[in-house]
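Enquirer: Can you make the complete structure from the sequences, with help from the hints?
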Amino acid sequence: MVVVLAPVLEEIVFRGGLQAWLYDNTPLRHVAFWGVSYANLCASAVFAAFHLLSQPAAWAAAIFIPALVFGWARDRSGSILPGMVLHAWYNAGFVLGFVR
Numbered sequence: 006m007v008v009v010l011a012p013v014l015e016e017i018v019f020r021g022g023l024q025a026w027l028y029d030n031t032p033l034r035h036v037a038f039w040g041v042s043y044a045n046l047c048a049s050a051v052f053a054a055f056h057l058l059s060q061p062a063a064w065a066a067a068i069f070i071p072a073l074v075f076g077w078a079r080d081r082s083g084s085i086l087p088g089m090v091l092h093a094w095y096n097a098g099f100v101l102g103f104v105r
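Here the sequence shown is numbered in this note's numbering, starting from 6 and rising by one per residue.
Since the hints were made in silico from the structure, they are not lab data. Any given hint might turn out to be false.
[To be verified] Label-pair distances were calculated between CB atoms; the ranges are:
#1 Val104 / Leu58: 13 to 23 Å
#2 Trp26 / Val90: 15 to 25 Å
#3 Ala50 / Leu14: 12 to 22 Å
#4 Leu86 / Val41: 15 to 25 Å
#5 Gly102 / His35: 32 to 42 Å
#6 Leu101 / Ala62: 22 to 32 Å
#7 Val18 / Trp94: 10 to 20 Å
#8 Val104 / Trp26: 27 to 37 Å
#9 Ile17 / Gly40: 14 to 24 Å
#10 Ala97 / Asn30: 29 to 39 Å
None of the values given here were measured: they were computed from a predicted structure. Even for Gly, the Cβ is constructed at its ideal location relative to N, Cα and C.
Expert: Structure representation (structure tokens):
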């Protein structure tokens, strides 16, 4: 579930929903730095905050950086699929490296 289902659902909600809406309906589509849109920054911050529900604050804060990468992939491709793949890959590495 952590490797496949969670990334798919989270990318649908945060990148396909929130980030896409911010990008399309607000001035947040402009690039803040290094190709990262303000929409991505906002969605990634909400994504990291969401993880406070199930993880300690330091882990939730650490999720912000990979979230920016997932959002960058969405902005660059116009699709949530690359972010889903990256997210699943990240979660698999996390599970193998820290949970096992």
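Enquirer: Next, verify each hint and record whether it holds.
Expert: Verification of the hints:
no.: 1; hint: Val104 / Leu58: 13 to 23 Å; in the structure: holds (18 Å)
no.: 2; hint: Trp26 / Val90: 15 to 25 Å; in the structure: holds (22 Å)
no.: 3; hint: Ala50 / Leu14: 12 to 22 Å; in the structure: holds (19 Å)
no.: 4; hint: Leu86 / Val41: 15 to 25 Å; in the structure: holds (19 Å)
no.: 5; hint: Gly102 / His35: 32 to 42 Å; in the structure: holds (36 Å)
no.: 6; hint: Leu101 / Ala62: 22 to 32 Å; in the structure: holds (24 Å)
no.: 7; hint: Val18 / Trp94: 10 to 20 Å; in the structure: holds (19 Å)
no.: 8; hint: Val104 / Trp26: 27 to 37 Å; in the structure: holds (33 Å)
no.: 9; hint: Ile17 / Gly40: 14 to 24 Å; in the structure: holds (23 Å)
no.: 10; hint: Ala97 / Asn30: 29 to 39 Å; in the structure: holds (33 Å)
Hint compliance for this structure: every hint is met.
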